[in-house]
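Chemist: Sequence lines, in order, name chains Z, L, B, W, C and P. Read in order, the letters of the first sequence correspond to residues 1 to 144 in our numbering. Read in order, the letters of the second sequence correspond to residues 145 to 307 in our numbering. Read in order, the letters of the third sequence correspond to residues 308 to 1253 in our numbering. Read in order, the letters of the fourth sequence correspond to residues 1254 to 1389 in our numbering. Read in order, the letters of the fifth sequence correspond to residues 1390 to 1922 in our numbering. Read in order, the letters of the sixth sequence correspond to residues 1923 to 2011 in our numbering.
Don't take every hint at face value.
[Said to hold, decoys possible] Pairs of lysine to aspartate or glutamate, EDC-like flavour, derived with a Cα cap of 16 Å: (1) K1029/B to D58/Z; (2) K1282/W to D234/L; (3) K977/B to D102/Z.
[Said to hold, decoys possible] Chain P residues, not near chain Z, derived (Cβ > 12 Å throughout): (4) F1930; (5) Y1944; (6) P1950; (7) G1951.
[What the hints assert, rightly or not] Residues from chain P that face chain W, not an exhaustive set, calculated with beta carbons under 8 Å: (8) V1956; (9) I1975; (10) Y1977; (11) T1986; (12) L1991.
None of these hints come from the bench; they were simulated from the model. We treat Cβ as the ideally placed atom computed from N, Cα and C, and that holds for glycine.
Each chain, letter by letter, is given below.
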Amino acid sequence: MEILVASAIGAMTAAGVYLILRIRTFAVVLGMTMLSYAINVFLFSTGRLVIGAAPILDNYAENPTYTDPLPQALVLTAIVISFGMTAVVVMMALGAFIEGGDDRIDMPDDDRIMPDLRTVEDEEARDSVAQPAKSQPVGNEVGS
Amino acid sequence: MLRRLFPHPLLSALLVLIWMLLVNRFAWGSLVFAVIIGITVPLLTAPYWPDRPRVSGLGRILSYIGMVIWDIVVANVQVARIVLFLPNKDLRPAFIVIPLRLKSPEAITVLAGTITLTPGTVSCDCSEDGHALLVHCLHAPDPDAVRDDIKARYEQRLVEIFE
Amino acid sequence: MSPALIALLPFAGALLPGLLIRSGRNVAAFACGTATALALIGLWVHIPAIMRGEVVTAGFDWLPQIGLNAQFRIDGLALLFGTLILGIGLLIILYARHYLSRTDPIGKFYTYLMLFQGAMTGIVLCDNILFLLIFWELTSLSSFLLIGYWRHLPEGRQGARMALTVTGAGGLAMIAGMLILGQIAGSYEISEILASRDVIQASPWYTTALVLILIGAFTKSAQFPFHFWLPHAMAAPTPVSAYLHSATMVKAGLFLMARLWPALSGTPEWFYIVSITGLITMLLGAFIAVFKDDLKGLLAFSTVSHLGLITMLLGFGTEAAAIAAVFHIINHATFKAALFMTAGIIDHEAGTRSIRLLGGLRKLMPITFVIGTIAALSMAGIPPLNGFLSKEMMLYEVDHLDAMRQTFMVLATLAALFSVCYSLRFIAHVFLGPQRDEYPHKPHDPGLGLWVAPGFLAVLVVLIGLFPNTTAGWLVDASATAVTGVAQESHIYLWHGVNAALIMSIIAIAGGAVLLGLHRPLLAAWDAAPRPEAKAMFDATILNFGRLCGWLTDRITNGSMGRALAALTVTVVFCGALAWSTGSAGPITRPMLPVEPVPLIAWFMLIVATGCMVTFHRRRLLALVLVGIVGLIVSVGFAYMSAPDLALTQISVEVVTIILLLLALNFLPKRTLFETTDRRRGTDAFIAALTGIGFGTLAYAMMRRDFGADPISGYMLENSYKQGGGTNVVNVILVDFRGYDTFGEITVLGIAALVIFALTETLLQGKSSRRLRNWVTEQRRAGDRHPLMLVVATRLVLPVALVVGIYIFLRGHNEPGGGFVAGLVVAIALLMQYMASGFAWTQRRQRLPYHALIGAGVVAAAVTGVGAWFNGRPFLTSDYGYFKLPLLEEFELATAMGFDLGVFLCVLGAVMLALNSLSRIARHAGQTVNVDPMDSDPKNRREAEV
Amino acid sequence: MELIAEILISIILVVAGIFGLVGSYGLVKLPDAMTRLHAPTKAATLGVGGVLIASLIWFLVLSEHHASWHELLITILIFLTAPITGLMIAKSNLHLTWLPEDLPQPPNGGQWATFDEGKIPPALQEEHDPESLRGD
Amino acid sequence: MNHWIIAPVLLPALMGALIILWMRHDLFLQRVFGLIATGLLLFVSIYLLWLASDGDVRVYRLGNWRAPFGIVLMLDRLAAIMLTLTSILALVVQLYAFGSGWDRKGWHFHALWQFQLMGIGGAFLTGDAFNLFVFFEVLLIASYGLMIHGGGPMRLRAGVQYIAYNLAGSTLFLGALGAIYAATGTLNMADLALRVAEMSPDDTALLRTGAVLLMLVFAVKAAIFPLHFWLPSTYANAPGPTAALFAIMSKVGVYAIIRFFTLVFPQDSVVETIATDLLLPAALFTLALGQIAVAGTRSLTRMAAYAAIASIGTLMISVARFSPEGLSAGLYYMIHSTLATGALFLVVDLIAARRGGDVWLRLRPAIKNTGIVSALFFTTAIAIAGLPPLSGFIGKLLILDATAEDPWMGWIWGTILITSLFAIVGFGRAGSMLFWKSHTLDPEPGNDTDEGPRPAPGPIPTKLDTDEQIQDVADSASPGLAFTSVFMLLGCLAMLTLAAGPVTQYLSDTTTQMLTPQLYIESVIEQQEGARP
Amino acid sequence: MISSALIFASLCFGVGQLLCLYRVVFAPGVADRVLALDTMTINMIALITLFGIFYDTAVYFEATLLFALVGFVSTVAYAKFILRGDIIE
Ligand code: NA
Ligand code: NA
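Chain Z extracted, bound-state conformation (with noise of 0.2 Å):
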């Protein structure tokens, strides 16, 4: 059984991983999707893994086994709060995609690429050839 897990948590994390790797925001959702079940089943097995023997007591039941309820617990939570970041990271390649026109994942290059780096001269001599009457300075010349 344990290697029937291991294997279907390494298994959903490449998909995962493969998915979160692509350029589009919604094979990237896909991708946390699966990320999230192959974490969520690798959290909840550090309990080890138990059949038939919920945490749920049983006061009538003779020498009653339980699984560890603390990483069930915390996986219910980790659930739940994978839940409130997809809607989010959905809603947002959403927004995204709307405002921007396409669903690419990556930033454009006009985030952080302008055309030539230039020396404050060259960017002044440039823009008094632009606007040769203002480009006059008025600071104040000795001597007036």
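The hints should help you fit chains L, B, W, C and P with the ligands onto chain Z, whose structure is shown.
Modeler: Chains L, B, W, C and P with the ligands only, in chain Z's frame:
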């Protein structure tokens, strides 16, 4: 007054039953609670069910349910036979149209549900004005017979219950 | 006056112009002048003590943990420099008041100037090298502001940035050097460092520290090869050039070398590095100055040259040389400041500083001529002016060198020769010669305000030259004592008799005059000769450096999410594997559970669905269906492996997620194109496989081993009922043992909904609103939106689901369920209404304020928790009891239920608000809304509006 | 009594299992989308129904736990919802792969709801007021 | 048990909830109550700082459960410092948000602000590893909202990246916690420390893996190379006040590293030096990367973002060895860099607002209030570049001094000092491009329409503004308030400089407390008076 | 006897699941996939119930109830998506 308190008496009864089933153990306290639920929940949800269908004849309802359950069992055997043993080339699927005498949406829904749950038929669509059902038959060498059977066996009874 | 106060006064003065500038320029100038004068007087108060050979110290501990203390000391050296800084500062304040035009923001100028003055004063007065570093860098910063004061001049900005960059870089090197020095000496107090000469020079770190400190000093004092910034700093207003770039700031490097002279000098390293650098600088600066057309350019390079001279003297490492250095510092400050002010006057009155355009000013500006000539002759080293005295001392020291004597003699003479040449040129080409017709302005002598300061300095030049021992001897002695650490008594004479120095001097003067005669052809040759242009090189360096940095940055962080996540993944796998493999894994202790056929089937399905998901992820709806399958199997798996609560939660979250994704997918493209290269997909697949294998292996290894110690959950199983009043241990953990986690968790959910709502609002306004209104769906749509039978069935499902929700809520403490799942169930039921009867119809029928539900949920949970305070217990301490009401059975009430109610409300509100917001986008996209619950009502009645 | 229950449960389970399998098998075997719709909605319904009945009897008669009527509730729920899912999927099929011409027409004229485009009368659309729908 | 310990969590949580419950339509009330809440938070933090100064570690047992079974909050010096720092920054930046009008660019700014503070406070106070995860998520999700506040295509795209990356980080966090729980069977940090110390040396692999993964999680939050990729676009595209508040967010990661690797996995534990071995080179790279980008980037906001990365690099260099001197120098630098980075983002926002949202370093017409804005920029640049006289310089001195004995001393000093020059070059160029330029250029024609509608000055409108050009936040109602808040931050830096001695003393006491975790462990595990049995 | 019947039934439903999976992966149209997913949910309910009998526990009741509800809702959502694109309109 009473009508406002019990917008859907049958629903209230159903909810009491459901609560008792959920609690899974009979106790008067539970029943009291069930009644409270049976009153409040339909009140809360009344806006979503604006008009109450007229329903009459508890006996007719129960016998209808019994008949449908029986038909379902039969249906399953028939469908199983078709699925398992009838070669696809011999299959005679067909669409049939069932003109409706029923007017209330609830009644139409019950009929459509019955059709879907019973032998070899699935309700597929309703006409835009709600006066006919489109039904798909898995294996109907004689579609008209199926239509007449549905009208006689189910619709007639539903007309009695709902009108 | 306390040394600390002296250093503080200029800073206090820096605040005054800002406060007083409304009262007028004179008031601001007067205030700054007063502050400076007070500081100067405060300094001079200590003269008697210093003459007695005392060192005045004061200060307080600032950061004793590392020995950064605000300690000050006044000794001869400090006195000398302090006097220079404050005295010349006073003159500059006066001069600048008249120099700057009406439209210049003079308040700002004085603020910067006083800041600078304070920083310089701090440098010379402080007794702690870390403290010194602070002032040191402050001078760079304030000089940056001063040089760039005329912000409309590109040269000014350029010069300022260049100065900042070079001196800043030097400062950083010096930080390292000083720290090392302090580490070697075991203290950052200058007094102690000066006393630790032997320790310092024996240390293996000595050379490193020396070089680093010297880099700092050389950059500040414009020593070769860092000399290039100084001429460009001359774009600053002339008062600034006179003050910073002749009298004070450039001397900071010299000061530092002088200050640390007892500790650092005397080694071969010191000698070779310092004196040769000084020599080269002296020669190079003088040579270039000969050809400078700009008056200030000429003076700037001459300053470079003279700084080189002083550096060289300090580098010699002998006491006599140190005395000469100190003396030349004084002399240079006097004549060079006077010259700068003269140049400023000429610029001010004639409208140009270009020597080519000048000449013949002797008659037009007689006062200026006299002052300028005296100062220039002193600079040339013509007796009996003060410049001659210190130059002779320099040549004498050169003559008495132990090493490299000839080289130094030849080159020093040559430098002196150039110096004579450019000094005479200053006189000849500006003042002498024929008067011109076309000066840019009509030149005449300025008002008293402008010439009194240089005039005073010119008088000093003469007086020191004639009576060196009376006028300056005491100061030289005092500071030389401080520099060398040994009491010095100098005897400066105009006439030493005929010695090598005098001969060298004569050669220099004669050669300089001859060179001036040949100036015209030489200048032509100079102009024709190719030579490295420092500014262009610096510009290109900085520009290319910037480009390189930009390029590198862009190579590394290129906005690609794939790269970011691949980096994360690879790092995780690598570090995880490293950590695992460097540890030791214990033996397997748990037997494997048998593999049953049905779980095997489920596993197979999961693997297939996962694989298909990767294969078909471009078909987005199919991918969603596959996600659904994976979720289904995971949640059934939870149920199988003894976690019913997890199964419940997983499956209900699953369906809400699917609905969410479907709502989004309505707008998103339905397919993803093939866009990546095979190579990238291959790499990604490799990374993914690696991660999967790694994580799977970790999971397997973990599952086959027992806990290292008993898990804390044993206590929870034991006390869940006894202390928490519930038999569902998971629920008791959630609402009691770890209720605080759950409190955070519902907050997360609530916030998520708020974020979604806020984003929707933003999208529905502004640009995207317009885009949405013009939205055309690519999908062919079916006719009916609200199929009759669906509507009817939903009417029944809603109350049933509500009852189920109530049940799950109430039973949660003892059976699987609880507030969270109940909230989801109710939300799903309401959602069914939305789906079946449509948004508008449903919305009008229920006025559930979702925001308020979220708020109320968080408040309810918090208030339940706070309730425990009244019991004297901490937040979230639960209580429970059994109650009996008439008619009802005995039932249990736990405060945990109040908490769970908060969870319920918050979850319900959050899920509904989120989905509601998301679906509003479609409403906005021009899609119609319904008023009827179903598209076709067979009774042909329309519902009365509620 | 217990033996009878045991036998009964076993029989129901076997029958339910067979129906469940057949339902899923039909999904694979039947030739087109419309016919495939029949298999699961019916057979799986009875399959699950049978299992639930078996469970009901088990907890009524054989279990150490007290009687449980929960299964009845689930059965009700499934029977209530199965026709609707069938209908919705049928409509999807019609929408995706069928043309109205290939279907029998409704008797009173008009069209099947799935194919009826643009049915909202313009007058009703005026009530659209996004602000009023903020859900807040 | 002192209930004030939970106030930094409860106060903002309740205020956030009440804002959405009762005040969601009234910006004025939101401002008033938001300010009151943050102000109270500051008071509480200062009280807690005072409380913690006696050196005791105080425990707050939530639900009155015994440790390690319930969750505990822990108040020690470190937590108190972080809380105080947070509330100072939050209060000041909140004022800026009013003054700049940012808080009316969209919905729920103030509620999210409070929840953000709740998350940060919770993360600093908690003594439970899983609870740390929960509060990380609280602060993250609130930060998502604040990050995309106002919308706009670039900001949303950056927001998607930010979330996606942090989702991956959260996933990793759970994995790390799982591994640690699977190895030790506990989640309480003090109990973890005990169990880690008693761990059999034959079975360390799982625990080591968990510890290292945990470190990576925190490194993601702190944006340490090569896990920094999320930061530049996020910070550069976030609204000014948000970016300023984020200055403390990355410190949460640093805090967590410090907390775990002094308390739970000290150097002599089975985790040994693996953390340090990985951290120091990464920190050096982080610093270099940040400063190179500061010198190379052409956008003002990205410059600020990379400056934030660089400051993290510097900080981590100091922390990486977990030596007493290094930690205390690091803490000093952390305080400095949080306030300085905050100030920098605010100044950048002031500039951007006056340039019509243009953050590129290129010629634009002269801006309003050039004098004061340029002075603020200059001062902030000095602070962030670590030049005297502000605390950045002292912080760097402390760090250099602390690493003087380090075997990597050459690398450390070289990197810190040389890259400082990069910052000087970058900020020098930026400043001269922004302020020493083109006084005379008239506004380009059509520029006004370009800038989009500005919030009207005067009283706060009840209806929220819509804004087409979101990047451009004109300073609206009260630019004075905006300036004041920057002044306040710079004032804090000045105080930090002047009070360097006492502050460093407190910090070195803090370090001593951290490096003797026995006190912490005892106060959690052994003193259990009043707790449920 | 019962346990053999239980194993038989679970195997039947398990194999049924595989067939459904086949239909999800190899389907001519998306509606078929939704149908198969719906069937899977139904089969899951059966499997959980069988499991509950096998371990003689009632703790899985809530799970089956929710599976039923959720299967219905998600199928309707998918179908509405196919039909209209917008599932809440
Ligand atoms: Na939970
Ligand atoms: Na529960």
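Chemist: Does the structure keep K1282/W and D234/L at a Cα separation of 16 Å or less?
Modeler: Holds. K1282/W to D234/L sits at ~13 Å (cutoff 16 Å).
Chemist: K977/B and D102/Z were given as a pair; does the straight-line alpha-carbon distance stay at or below 16 Å?
Modeler: 12 Å, holds
Chemist: Next item in the hint list is V1956/P. Is there a CB on chain W closer than 8 Å to its CB?
Modeler: 6 Å, holds
Chemist: Identify whether the interface hint at Y1977/P stands, where standing means a beta carbon of chain W within less than 8 Å of its own.
Modeler: 11 Å, violated
Chemist: Against chain Z, does F1930/P keep a CB gap of more than 12 Å to every residue?
Modeler: Its Cβ never comes within 12 Å of chain Z, the nearest being 20 Å, so this holds.
Chemist: Is the nearest CB of chain Z more than 12 Å from the CB of P1950/P?
Modeler: Holds: least Cβ distance 23 Å, greater than 12 Å.
Chemist: Against chain Z, does Y1944/P keep a CB gap of more than 12 Å to every residue?
Modeler: 19 Å, holds
Chemist: Holds or violated: K1029/B with D58/Z, Cα cutoff 16 Å?
Modeler: Satisfied, since the Cα-Cα distance of roughly 13 Å is no more than 16 Å.
Chemist: Any Cβ of chain Z at or closer than 12 Å to G1951/P, or is the non-interface label fine?
Modeler: The claim stands: G1951/P keeps its Cβ more than 12 Å from every Cβ of chain Z (closest is about 21 Å).
Chemist: Do the numbers back the hint for T1986/P, that is, is its least Cβ distance to chain W under 8 Å?
Modeler: With a closest approach of 5 Å, the T1986/P hint holds.
Chemist: Close enough to count: is the Cβ of I1975/P nearer than 8 Å to one in chain W?
Modeler: 5 Å, holds
Chemist: Close enough to count: is the Cβ of L1991/P nearer than 8 Å to one in chain W?
Modeler: Holds - the Cβ of L1991/P comes within 8 Å of chain W, reaching about 7 Å at its closest.
Figure legend: structure checked against the earlier numbered hints; the only hint not met is number 10.
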